[in-house]
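Peer 1: Chain by chain, the residues:
There are 2 protein chains.
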Amino acid sequence: MTQPPDYNIIEKAAARIRPYIHRTPVMASHNLNKMVGAEIYFKCENLQKAGAFKTRGACNAVFLIEDTDLEKGVCTHSSGNHAAALARAAALRNTKAYIVMPDNSSKVKIAAVKQYGGEITFCSPNLKSREDTLKKVIEKTGALEIHPYNDYRIIAGQATAAKELIEDVENMDIIMAPVGGGGLLSGTALSAFYYSPKTKVIAAEPAGADDAYRSFYEGKFIPSKNPDTIADGLLTSLGTLTYPIITKYVDEIIRVKEESIVRAMKLIWERMKIIIEPSSAVPLAAILENQSNFKNKRIGIILSGGNVDLDKLPWFTTKY
Amino acid sequence: MTQPPDYNIIEKAAARIRPYIHRTPVMASHNLNKMVGAEIYFKCENLQKAGAFKTRGACNAVFLIEDTDLEKGVCTHSSGNHAAALARAAALRNTKAYIVMPDNSSKVKIAAVKQYGGEITFCSPNLKSREDTLKKVIEKTGALEIHPYNDYRIIAGQATAAKELIEDVENMDIIMAPVGGGGLLSGTALSAFYYSPKTKVIAAEPAGADDAYRSFYEGKFIPSKNPDTIADGLLTSLGTLTYPIITKYVDEIIRVKEESIVRAMKLIWERMKIIIEPSSAVPLAAILENQSNFKNKRIGIILSGGNVDLDKLPWFTTKY
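Each protein sequence line maps, in turn, to chains V and X. Following the numbering used here, the numbering of the first sequence begins with -19 at its first residue and continues without gaps. Following the numbering used here, the numbering of the second sequence begins with -19 at its first residue and continues without gaps.
Note that these hints are calculated values from the structure, not bench results. A portion of the hints provided could be inaccurate.
Simulated pairs of lysine-lysine, DSS-like, Cα-Cα distance not exceeding 30 Å [to be verified]:
1. 14/X <-> 87/V
2. 87/X <-> 292/V
3. 14/V <-> 52/X
4. 94/X <-> 292/X
5. 292/V <-> 14/X
Assemble the whole structure, with the sequences as input and the hints as a guide.
Peer 2: See the structure below:
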């Protein structure tokens, strides 16, 4: 794929991955809506296989590869949900997944990768060590690299979450997604463009990792320097493929405070009785911080994932 | 109603409450099943309106009352989910709900009652004070008492959860529910009898509050003395109406340890990404403690509710 996914590509991705993913439910809370003054529909990718939307992109990429090219397996570096999703997709194709993970990755994420049969190589927790280690893994194994977001196959897979949400909820004024590397946001924006062009696309980003915000509004690609946020899925910078899509198809990016993320996360746990990870709470945090702008709007939010270390919950370990 | 609910009564209850409740989803986890060696289907009453199955019984009881009899409102004593469910049902009928709550009730439960417009009178945390205070409330207001479980209208409402589960999952070997006062268990056993007579009904009870176990196996009604368990919804003793139904229609009662309840609760949070309260975890705890007895069985479990104080999670506050 050399062009951003279009209507046909997204349709094909949806058909390709259908047997291997959940069509996740869309949930709403009357009380939460009353509290916020808007009508919010949550697309529950926290209830997705392997606990995150990443399953969509990983399945689409891995199932696009020919049998003969898959013999040596696939590989990636990831501290998070893409790692488990890729391990699962590889297992479904009866091939190996080699995952390079920083040695400070959460034990929950490590356990998830192992559970799906992924083979882990640990590295130091910085981009250089991740890339160097992955390079060595590729030299040794000949595995195909599947990047977590800077890959049109991945973006097409992630687009299917918003596609389903648009099918289930008519006439949304706004669709929101968090932004880290931009795979989910790119896919969401493309699906909105093709399936619901009147719906505005608003991204939400932690102020402590605001490379997408700065790149978007300053009109040039500015990678993160020392990003710091509780939303551990959003530490990465945009990619060369996601940045142009976001520039073209996203309407607005909102930055949010850490305490709003924790508040939004706890609200969703309390009111919806579902478990989401901090990254998933960032769009609701943006609404809470800017309530008047969202008044009476009909809003779809992609809850990106639910992989949390239950022994380290932010309202116990931080001051928020 | 002077007889336990039969097929027709349960059918009518289901039709009566349908507009006011969620048809809750049935969820399963491939990994959890693999771990346990059984096929478990969870009926998610934690996602029910007001966060618990209690909404079913409360709606059925309140919507059975004639308008003229409802003018002075309804009342109950309850520290928990029945209180919020009754307040909600009363609000739906545009009448008042007077709730007597022990002054040590959790702030989450108090907030839930207030949110639905219930009028709270606090009392000391013992049965005598609860009953005396409720008597005074009735003298003052003339409100109708709706008991949390010892009422056939309530039992018929609770039966609809198992009815839906049986409609959604064919050929279950076993259906399980926790037991406290026995409203949910009675309803579950009656629905199994009428809709899926080949399915065994197994109850699970905390060893620290095992009045149902002892009453069931000793063949006489033995109320709890100083019950103590983390499963705060299961502290009450069986009632005069629930005890005979359970004796007749339940196949087995299993007692479980506190640490198994906490383990099962955390497992469901981790694997299913949903929030359940400790009482909901008791059936899975019974399976974990007796795994070989459940091997390869097809099991339905009613997850009773999801109202938890997120600031007091058992794996932070206890040693389990």
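Peer 1: Against each hint, give a clear statement of whether it holds in the structure.
Peer 2: Here's how the hints hold up against the structure:
{"no.": "1", "hint": "14/X <-> 87/V", "in the structure": "20 Å, holds"}
{"no.": "2", "hint": "87/X <-> 292/V", "in the structure": "23 Å, holds"}
{"no.": "3", "hint": "14/V <-> 52/X", "in the structure": "28 Å, holds"}
{"no.": "4", "hint": "94/X <-> 292/X", "in the structure": "21 Å, holds"}
{"no.": "5", "hint": "292/V <-> 14/X", "in the structure": "26 Å, holds"}
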